[in-house]
Structures are given as structure tokens and as C-alpha cells.
Amino acid sequence: MSNYYDDLLQLCGWEIEEIENERPRIEKTFQRLELGPEDMETADAWVRQNHDVTLMGVRKLLGAWLKELIDLILAKDEGKKIVYYSFPTVVRPGMLIAASAEGTYVGGPDVILCHTMGQIFNKLTPILEAGEENGLPPGHALCSIWQVKVGALAKGIIPPPDMAIASSYFCDMGSKADDLLAEIYGTPIEYVDGTMDSAWGEYPDYLPERAEFLGAQFNQLFDKVKEVMGFEVDFKAWDKMMPTIRQYFGDLYRIFELMQADPVPVSSVEVELASILAVACTGRGIAEGAKAIKILIPEIEKRVEENMGVAEKGAPRVMIVLPSFSDPSIVRMIENTGLAIPICALDVRVQPPPPKVQHNTVGERIADGEIRGGVGLFHSSFGTCHRMAANLEQVKGIDGFIYNYQFNCRPVAQVSHSLKRWVEEKTGVPCLSLENDIGDSRSYSAAAMRTRVETFAEMLKTRKVAN
Amino acid sequence: MKGNRLIVAGVDIGAATTKAVILNNANKVLSFSIIPTGHNVVQAGEEVLSIALDKAAFSREEIRYIVSTGYGRRAVAFAHKAVTEIICHAAGVSSNMAQARTIIDIGGQDSKVIGLDDGGNVINFVMNDKCAAGTGRFLEVMAGVLDLEINDIGSISLMSENPCTISSTCTIFAESELVSLRAEGRTREDLLRGIHNAMSHRVAIMGKSVGYREEVVFTGGVAMNMGIKKALEDEIGLPIQVPEEPQIMGALGAAILAKANLEKEFRE
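Chains as they are written, first to last, in my numbering: chain X, 180 to 646; chain S, 118 to 385.
Honestly, the hints are just simulated from the structure, not real lab data. Just so it is clear, CB atoms sit at the ideal spot from N, CA and C, and this is done for glycine as well. Some hints here could point you the wrong way.
Unchecked claim - Partial list, derived from the structure: chain S residues whose beta carbon lies under 7 Å from chain X:
{"hint": "1", "residue": "Ile152"}
{"hint": "2", "residue": "Thr201"}
{"hint": "3", "residue": "Asn238"}
Stated by the list, open to error - Computed list of lysine to any residue pairs in SDA-like fashion (alpha-carbon distance at most 25 Å, straight line):
{"hint": "4", "chain 1": "X", "residue 1": "Lys640", "chain 2": "S", "residue 2": "Met214"}
{"hint": "5", "chain 1": "S", "residue 1": "Lys381", "chain 2": "X", "residue 2": "Lys260"}
{"hint": "6", "chain 1": "X", "residue 1": "Lys260", "chain 2": "X", "residue 2": "Thr516"}
{"hint": "7", "chain 1": "X", "residue 1": "Lys492", "chain 2": "S", "residue 2": "Ala377"}
Make a model of the complete structure from these sequences and hints.
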């Protein structure tokens, strides 16, 4: 028996049997999210407008996000213990914790809600507003990602976790927002205390003590997991998990390779669906995402063979930092100005500097990796500039760089103007500093953003012709 | 005039005013018109072009190519192409002032600083984000508080002997500050000079990431305000040129690009 959501789920790559098998879970989830028949119509139009649904791999990726959403919403009802980790910090420890625990839901709920309630249903605003009403008010330049998390908890959409992991080694606002979880829900928060102190010009050098300190914090987190959650973090789980992760990222890098074709074969919004899935989810989403990528690769290969693309052949090629999590229309707008986006800066694999010391513990090894080449380097303004320039030098044929930064995220916003100058001087690639909000499309004027991007596109086209 | 039939037009639909320029193939401005944008941008576009065409004694059918620009550029259904106002201002200014290397454009809703290369191409630019401070709207609000006409405030500000300091960078907060200073008995000349200095300071800082290179040209409706021109010159330490008709530089640039596109079509 079909229902009002069947068409949308099929549009998002679900098989009819999957829908039948999961009807009670789907209905319970949609009820909690207050999603009715009208929302399905809105979602259908929004998805078709922003995603290439002629590609089954894209549809399956959207479906993977929806499956992860259902698992998240129903985790408590289904008797699971829950751990939330912060994006973009603590992702690797989060994955390790997930690999160690059967029957525990581990994930980044804010990012999942942005990709589903934003990208698919275009209905994130009520959740953002609930965040604003419950401790993170508007007009204070507070991060929308955290507003989503707090708002979703306040609305009873996502279950309160048994444990939340916060850290300021990249994002100071995350740990502050998680304070509210403790205040409102009594959630045990484990703080992974980090340091943002880093001198201009220091990177790629760093004090090994910083890695040791952060590593000790991670190790303490693993002890806390045992105390609060009742299971031990199994460090061998890392080895068990790695083949799956390597396979996922190996396939993802194949997509990145294909995106280097001219014309660029698919929109950057489709690639983002796959790349962020791997850091926001640890369960079914990532497993389904892996299957979706396997379907997507031959579809993109076919496009490359047939010279099909989202921008004209020879169009100026720009690197952006990251597409919006909640509003794919922004990247679509950039592409519609005639710019091709072959890769996002965070997807470029730059060889990090070697570790300064050999560490003995898992926590220290993770910490060292974060500081040398993970998100931990972005707390360093110089590290961010260094990394962006390295990205532009590594990826050939980039004509322009759009530094689309989260305006309320200090590690990336504060450096935005000096980064533009630094990158232009080091690489000769023109840079557009573009204020953005990856979780809240109410925070910017699309018209003003379009004027900037169109002008930048025109600049790059003129420059390309002249060269 | 009618002997030369390669006639093109540029239409600039801005936040406050809508402008049109009719150009012949010798790059001669045959006519221009400026009207308030009002609530209907489609209608404003139609009307402004109609007025300019009447002035030049041409009909719509005789226009071979139209480029639209400004915030409402996409609403101009009759235009052959829509181009951003930054590109159009560069084209308009370069056609008049070939030595221009920096443009400061302050319109009703936004402000921009644009860097040009020797060929008049845009090589860098910056726009204000969201906030109305640093725009024509800021001056309109302040003129309203002091019950003055917008066209008069620039010259009055130049008579100040002891400018006030307006510290707020937000239009609404600056308005409150102005009301407080007025209550303290400060003269309107000093109040206005303080406002002009505050706004110029904000725009000058914004443009530092582009850099100020001579010649610096000031465009947009606010460029007719000599108080802002003087305050900007003091801020950036360079002389500033103002075109004869600073408001129509965007529409002029659009018309020049229309002509270039038409010529390209002929070549192809």
C-alpha cells in the first residue's frame, strides 16, 4: 500500500521493498519531524531543482542521508544508547567509538539535519528558530550548526544523547553550545580540551606538546566512554574499521579524479553529499553511501566519456571551500554563472608534514594527525592560508578560488581577508572572499551574493581570454 | 542623429533609482534618464527606457541591443543580456576616464570599491555585506532625522568647524547617536560632518583590501554629495574625480557592453 511519502523516497533512491520494510519507522520519523504530504511536494521540487536526479547514484546518496536521519530520530525509541560528536572536531574519535560499540548510535546530528531537513525538505528554518528561542538567539553571530542541534533537541526531534563530545581544538562555539545540552537535558558532556594558540608562520611546524596534550584528552575521552556508556573503546576496532573507510574514500577519490575532466561532469553539490556523509555518520548512512558511490562512479565515467558537464567546456575552474550543508542552491548559483567547480578545498589530499615524534597511544596519534593535516590545522590562521595555497598548487588548472567562509565561525572567518591577499600573492590565483552560512540561508542576501559571484566569473573569463 | 542606426541601450535598475542610457555606435550618449525605482522594477525598467528613447527621438524597435544591470537586472525581460553593476561601472568609467584605476561606487543600497587594470578590466572588488551603513540609505536616514533634503546635506557638512564623532557603524544605532548629539546642542553642520566622516571611514576601510590607486573615481548617486567626496579624500589621502553624471555610469557601462556585444554578433 503506497503512502504520501513513497514518491519522494523513490526519488531519493529507495527501493519499494525498502519502503515497505520500513514503513512504521518512516512514519514515526516523519511524524516527529512534522513532515506531511505538502512537505513531500516541496521536497520533490527542491530536490529536482538542485540535484541531478537523472543519476541514480545521486538519488541513492540522498536516500542514504534519509536512512541515517531515520536511525538518528528513532535511536532512543529503539533502545539504543546515543553519542553525539561535534562537527568538524572529534570526528575520528567518534568513528572509533562507533566501531567499538554494537547497539550505540554515534553521529553528528546537526549535519544530518542540515542535509535532510535543509537539502531535501527545505524546512530547516523552524529548527533554527527553535535554537534561537532556546539559548542561541539571533543577531549574535552564533553558528547555525549549533542552533540546529539545540533547536532539534528543544523541539524533541532528536533524542537527548547519553553522551556528547565537545572540543574547542577547532570550534570554540561548539563546546559553548554543548553547555546548553548539559543545562537543559543534564547530558554528560565530555570536553576534549584543545588549544587554538598558534603563531603566524608556525605551520607546518608545531609544538609536539600540543599533540601530546590533545592526545591525552582523547585518551581521557575513551576512558570516559567506558564510565558513561559502559563499553570499552576497542583500539583494534580502528584496524577493523579501516578497510571500510579506505574503500569509501578510495571510491570518493575516484569521483574527485573524474571531476577534474573538462567539462566538469556533475555539480559539486552531488560530490558534497558523498564527502560529508563520511564524517557526519558512522552507521547505516555511511554503508548506504558507499553503495551509492559505487553506482555513481560509472555514471560519471559515462558523462566524462560523452563530454557531458554542468559547465561549458573551457569554463573557468574555481575551487570553493565547501558547499552549503543545507542549501544546495548556492553552489548551483555559482555554477549557473558559468563557473566550473572541479573540487572543494577540503577534499584536496595534501600530504601533511611528517609527525615530529612517534606517539604510543591512539589518542596521541589521532591528535597528531589532526594538527598536522586535519581540521586541527585550521585553528591556525597561517595553517589555513598555507593549506589553501597548497591545495591550489596541487590541483592543476584552477583559475579562481572562492573562499566561501562561514561568517560566524572564527577560525575561518577571521582570516578571510588576509587569506585572500596571501593566497593571491603566493599562487597568483584570484580569490573571492564570500561570506556565507552553511547552515542558514536566512543569513545572506542571494542577490548580493550573486552580484559578487557573477562579477568574479566575468573577471575570470576576461583573464582566461587574455591569457 | 537618425543617420546612425546602430543604437544600443543600457538600463541600470538600482535600489533607489533606475537609469537608462541610449548610445550610438560612436559611443556618443544620445540621451539618458533617471527615475525612482519604486516598488515595481519591471515597470521602472520599461519607463526609464521609454523616457530616454523619447529624449533621443528613437523608438524601442530601433534599439539593436540592450544590456541590463543593477539589482533588478534580471527583471528586465526586454534586455538581451544582464551584467553586474560592478562590470558595468568599470566599463562606464573607463570609457570616460581612461586613467581610472579605482572606482568607489556608493549607491542607495550598497557600496563597492573596484580595482581596474590598464585596460579598464575589473581585477579586484569588494562590496559591503548586508549592512546599510556606508550606503546612500544611511545618508537618507540621517537627513530625515535632521529634517533636511538629501541634496543639501553635503554642502552643509562642509561648513562644519567642529565635527561630531559618530562612533556607531549601524544605521539605526547611528541615528540614536545623532539624536543624542542633537539634544546636546551640536550644530547641524557638525552633526552632518560627523555623519559624512563616519560613512567615509567605513567605505575607506572596506576598500583597503582592493587598494586605492590613482586615478580614483567616485560614482553612484552619493558621488554628487561633495561632503562625502571631501571626507573620502581625507580618508584615502588621494584626490577623487567625479564624472559629470556619476549616477549613470552603470547604465553607460551597460550601453557600452551592449555595443560591444552587438559588434561581436556582427563579427560572428
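Given pair status - Lys260(X), Lys381(S), alpha carbons within 25 Å = 67 Å, violated
Agreement of Lys640(X) and Met214(S) with the hint, judged by alpha carbon distance not exceeding 25 Å | With Cα atoms ~24 Å apart, Lys640(X) and Met214(S) stay inside 25 Å; holds.
Proposed proximity, Ala377(S) with Lys492(X) (alpha carbon, max 25 Å) = OK: Lys492(X) and Ala377(S) at ~24 Å, within 25 Å.
For the hint on Ile152(S), does the least C-beta distance to chain X fall short of 7 Å?
-> 21 Å, violated
Verify the proposed pairing of Lys260(X) with Thr516(X), using a straight-line Cα cut of 25 Å.
-> 47 Å, violated
Does the interface hint hold: is Thr201(S) within less than 7 Å of chain X, judged Cβ to Cβ?
-> For Thr201(S), the interface hint holds, since the closest Cβ of chain X sits about 5 Å away, which is under 7 Å.
Classify the hint on Asn238(S) as holds or violated, based on whether any CB of chain X lies nearer than 7 Å to its CB.
-> 5 Å, holds
The structure shown violates the earlier hints numbered 1, 5, 6.
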